[in-house]
Amino acid sequence: GAGVSQTPSNKVTEKGKYVELRCDPISGHTALYWYRQSLGQGPEFLIYFQGTGAADDSGLPNDRFFAVRPEGSVSTLKIQRTERGDSAVYLCASSLATGGGELFFGEGSRLTVL
Amino acid sequence: DQQVKQNSPSLSVQEGRISILNCDYTNSMFDYFLWYKKYPAEGPTFLISISSIKDKNEDGRFTVFLNKSAKHLSLHIVPSQPGDSAVYFCAASRRNAGKSTFGDGTTLTVKP
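Note that the protein sequences, when read in sequence, are chains P and R. Quick note: the first sequence, position 78, residue 78 per this note's numbering, numbers continuous. Quick note: the second sequence, position 65, residue 65 per this note's numbering, numbers continuous.
By construction, these hints were calculated from the structure, which means they are not laboratory data. The structure displayed is predicted, hence computed values, not measured ones. Heads up, some of the hints might be wrong.
Said to hold, decoys possible - Taking lysine to any residue and the SDA-like style, the derived pairs with C-alpha atoms no more than 25 Å apart in a straight line are:
#1 K5/R to F104/P
#2 K11/P to D104/R
#3 K15/P to F104/P
Make a model of the complete structure from these sequences and hints.
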């Protein structure tokens, strides 16, 4: 598959647990983005990477959220001490370069915190 | 403070007629605008874009119009087809600034 791949597609966890969501971008795409989408709302920006470094993490809601991209390809979004309000679809997108242009989205990881 | 607004949560049109989806923005620093289409259980897919140096961009049945003075853009689909039924998101960005800011979407239903 040549598209953006996200795993797991669904994750149900209990309040207070730790969660990792993985994103495998399109090969050759240097920019990688994480968005969060709640029901009835548009995607909300969390963080984006240019290569291995986080170029803009201004959308991370608090220090329970962290993301890495150690080799400039696959990225992991990590959520500590999950809360019910973290329930949402987490979308990953990649693009050839940063510049506010077209994003290629994965199908998302639906997180439910009970 | 929502910087990109789609004030119509839903729109229903008859097959063959024109669909017009609207979007307003508040940040005058935005200079690139995109429309995405989303089917259930899928991620958004890019549809069409426009740079702030233009006021119109056309791609087949899809045309985006930009009115910078009004900070308003619209997506026209003509003729509308049942397969166009989806959620449409408007997004805005600053060139070379990375992130896009999305509206809350408009659900388009095209009736056969």
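Here is how each hint holds up against the structure:
{"no.": "1", "hint": "K5/R to F104/P", "verdict": "22 Å, holds"}
{"no.": "2", "hint": "K11/P to D104/R", "verdict": "24 Å, holds"}
{"no.": "3", "hint": "K15/P to F104/P", "verdict": "31 Å, violated"}
Checked against the numbered hints given earlier, the structure breaks only hint 3 and satisfies all the rest.
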